Amino acid sequence: MLTKIKIIFVLFILLFLVSACSENTSEYTITFDTLGGPTIEPIVARYLDPVTLPSPQRDGYVFDGWYNDVIYTIEIDIQAMLDMNFTLYAKWNPRSYQIHYDVNEGISIPMDTYEYLSHISAPSDPYKEGYDFGGWFSDEALTIPFIFGTMGASSITIYAKWIQMSYEIQFVNTGDTSIPSIVSESGLEITAPTAPTNEGFVFSGWYTDPNSIEQYDFTTMPSNDLILYADWATEGLEFTLINDDLEYEVYLMDDEDIETIQIPKNHEGKPVTKIADYGFGGCYSLTGIMIPSSVNTIGAYAFMGCEALVMFYISEFVTEIGEALFMNCTGLDEILVDPNNPNYKDIDGVLFSKSGDLLISYPSYRADTNYIMNNDVVTIGGYAFTRSLNLLTVTIGTEVTTIKTHAFYDCFEMTSIIIPNNVTTIELYAFRNCASLADVTIGTGLIGINAYVFNQCYALTSITIPSNITYIAYGAFYDCTNLNSIIIDKTSGQGLITGGLFMFTNTKSYLTIYVPDLETKNAYSTAYIWSSYASHIEVNTGQ
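Sequential numbering from 14 applies to the sequence shown in this note's numbering.
It is worth saying that the hints were derived from the structure and are not from the lab.
Just so you know, these numbers come straight off a predicted model, no measurement behind them.
Heads up, some of the hints might be wrong.
Each computed DSBU-like pair below joins lysine-lysine, with the alpha-carbon atoms no more than 30 Å apart [as the list claims (entries may be wrong)]:
(1) LYS141 <-> LYS174
(2) LYS417 <-> LYS503
(3) LYS534 <-> LYS503
(4) LYS534 <-> LYS521
(5) LYS503 <-> LYS521
(6) LYS417 <-> LYS367
(7) LYS283 <-> LYS417
(8) LYS104 <-> LYS174
Pair by pair, the computed Cβ-Cβ distance ranges are [stated by the list, open to error]:
(9) ILE460 <-> TYR541: 13 to 21 Å
(10) SER449 <-> ASP257: 34 to 42 Å
(11) GLY143 <-> THR210: 32 to 40 Å
(12) SER429 <-> ASP370: 21 to 29 Å
(13) ASP351 <-> GLY508: 25 to 33 Å
(14) THR511 <-> GLU248: 54 to 62 Å
(15) ASN353 <-> GLU281: 23 to 31 Å
(16) GLY456 <-> ILE240: 28 to 36 Å
(17) GLY458 <-> THR382: 22 to 30 Å
(18) GLU347 <-> GLY456: 27 to 35 Å
(19) PHE76 <-> SER151: 46 to 54 Å
(20) PHE76 <-> ASN237: 49 to 57 Å
(21) VAL185 <-> SER449: 47 to 55 Å
Cβ atoms here follow ideal geometry from the backbone N, Cα and C, with glycine treated the same way.
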């Protein structure tokens with residue numbers, strides 16, 4: 014019985030203790046350290062009572078929670094801590110703000126983003142054409158300079174200030190006139206100075222570059238320093254409208270005394286694009302010519318007879334050249350072409366097409382006595398070797414098929430020529446007046462001898478006509494005054510060579526035409542044209 018009483022007593026005591034614990038009414042105080050934020054009154058709470066913690070505000074920061082240590086390592090469990098007094102510490106993260114740059118019509122600058130109170134740096138100076146940068150300002154009126162220090166607690170816009178620059182236009186190549194510079198602020202109205210003068214020349218405009226073909230337009234001051242070049246035209250030049258009256262060609266013929274010529278880029282507001290056919294023909298004393306970048310075409314015979322011209326330069330802008338450009342330029346030693354020219358080139362001072370397949374012009378006064386043609390050449394151009402005063406022989410390239418008209422005209426000193434088998438065509442007058450030409454070999458590729466090909470080859474005494482020749486055209490050997498022997502290899506069985514009128518006129522009176530056999534002699538003696546030479550036709554006995 015006593016034991017039961019003891020057990021009941023112990024249970025009663027335990028029940029009392031449990032009841033006492035469940036009725037804990039102690040109060041505890043929570044204090045707040047906002048670490049720079051606003052002051053917050055402490056909160057008094059009982060054990061296990063619900064507690065709502067405050068969310069403070071602070072300029073420039075975002076509140077990031079409460080911690081029970083100042084280094085933010087222990088995040089709180091508020092209910093677990095409500096059995097004692099304690100202090101909570103606020104954590105703050107700085108806000109980010111933007112700086113916007115108003116460049117006032119300059120080149121834009123992207124905005125920058127900075128955290129509150131962080132150091133801010135000035136961006137690279139902005140750019141506005143015609144102006145110097147004058148700094149950043151806090152207000153649109155540009156009265157308060159902006160100081161780059163630390164970032165405030167709001168986004169801001171700052172404003173660029175600009176100081177208008179002054180620029181200078183200088184004038185050069187002004188002839189007999191000194192022209193002062195124009196100094197002015199960008200954008201202000203300006204006018205052209207009085208046109209300069211230069212004895213012997215006519216002023217033809219101002220240009221920003223010696224190679225420019227557009228005249229400078231005086232309207233407003235540019236936003237940069239500038240040098241303007243005066244362009245001049247030789248006094249007395251004449252101009253004719255071409256290409257639907259949109260352009261001019263220039264010429265000055267038969268001025269025997271003029272030594273230098275300067276062509277203008279423009280005439281009466283339109284570009285000068287061509288040197289006319291025969292443009293400066295007969296200017297015997299001409300030693301130099303300035304051709305502007307506007308000129309893209311040089312006409313045929315443009316410098317015919319310019320005997321004093323020693324060197325000629327073809328710029329990159331000239332894209333078309335007429336034939337016989339330098340005919341009778343007997344002092345010309347060298348032709349040079351700008352490497353950037355799209356259509357032409359020179360090889361050792363000789364003018365070619367860009368591909369090299371057309372030999373255009375060999376300088377008349379070149380010192381070489383023998384010229385060996387490169388094997389890119391397919392065509393020897395018209396008048397290519399005309400009046401080459403020092404040439405004795407020319408070795409024709411292995412790819413040449415065509416010799417154009419007058420190609421070797423007036424090569425007075427040339428003594429021999431071998432026409433290789435690859436040549437199929439020789440045009441009229443090709444060897445006209447090669448007065449010293451005594452030895453001619455005709456290859457197997459040539460079909461016929463065209464009109465006047467060997468006209469006035471006074472030194473030629475004998476020539477062999479191979480069996481591949483099918484015709485001898487009008488006046489082919491006209492005025493070959495010493496020609497006394499023509500040897501025809503072709504038999505009548507192979508077909509007669511068609512003869513042309515006057516083909517042997519003014520040759521030796523005792524000219525003999527040798528044919529292979531009697532049958533061939535008889536055939537030629539009665540053939541059209543040939544019959545007029547019947548008394549000169551003999552059978553070749555090989556003697």
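Here is how each hint holds up against the structure:
Restraint check: the Cα-Cα separation between LYS141 and LYS174 comes to about 10 Å, which is no more than 30 Å; the hinted pair holds. Among the hinted pairs, LYS417 with LYS503 is consistent with the structure: their alpha-carbon atoms are about 26 Å apart, no more than 30 Å. Restraint check for LYS534 and LYS503: the C-alpha separation of about 11 Å stays at or below 30 Å, so the hint holds. Only pairs whose Cα atoms come within 30 Å are accepted, and LYS534 paired with LYS521 is accepted, the gap being roughly 20 Å.
For the suggested pair LYS503 and LYS521, the alpha carbons sit about 23 Å apart, so the restraint of at most 30 Å is met. Under the criterion of a C-alpha separation no larger than 30 Å, the hint pairing LYS417 with LYS367 is consistent with the structure, at around 18 Å. Between the alpha carbons of LYS283 and LYS417 the distance comes to roughly 36 Å, so the proposed pair goes past 30 Å and is violated. Between LYS104 and LYS174, the direct Cα distance comes to roughly 41 Å. Violation of the 30 Å bound is thereby established for this hinted pair.
Look at ILE460 against TYR541: about 19 Å separates their beta carbons, and that is inside 13 to 21 Å. For SER449 and ASP257, the hinted distance range of 34 to 42 Å is not satisfied, since their beta carbons lie about 49 Å from each other. Checked against the hint of 32 to 40 Å, the pair GLY143 and THR210 passes, with Cβ atoms roughly 33 Å apart. Between SER429 and ASP370 the Cβ separation comes to about 25 Å, which falls inside the hinted range of 21 to 29 Å.
In this structure the hint that ASP351 and GLY508 lie 25 to 33 Å apart at CB is violated, the actual value being about 52 Å. A hinted range of 54 to 62 Å holds for the C-beta pair THR511 and GLU248, which are about 57 Å apart. Range check, ASN353 to GLU281: Cβ separation about 30 Å, and the 23 to 31 Å hint holds. A hinted range of 28 to 36 Å is violated for the C-beta pair GLY456 and ILE240, which are about 60 Å apart.
For GLY458 and THR382, the Cβ-Cβ distance of about 27 Å falls inside the hinted range of 22 to 30 Å, so the restraint holds. With their beta carbons about 31 Å apart, GLU347 and GLY456 fall inside the hinted range of 27 to 35 Å. Checked against the hint of 46 to 54 Å, the pair PHE76 and SER151 fails, with Cβ atoms roughly 30 Å apart. About 56 Å separates the C-beta atoms of PHE76 and ASN237, a value consistent with the hinted range of 49 to 57 Å.
Separation of VAL185 from SER449 is about 53 Å and conforms to the stated range, judged on CB atoms against 47 to 55 Å.
Consistency note: the structure conflicts with the earlier hints numbered 7, 8, 10, 13, 16 and 19.
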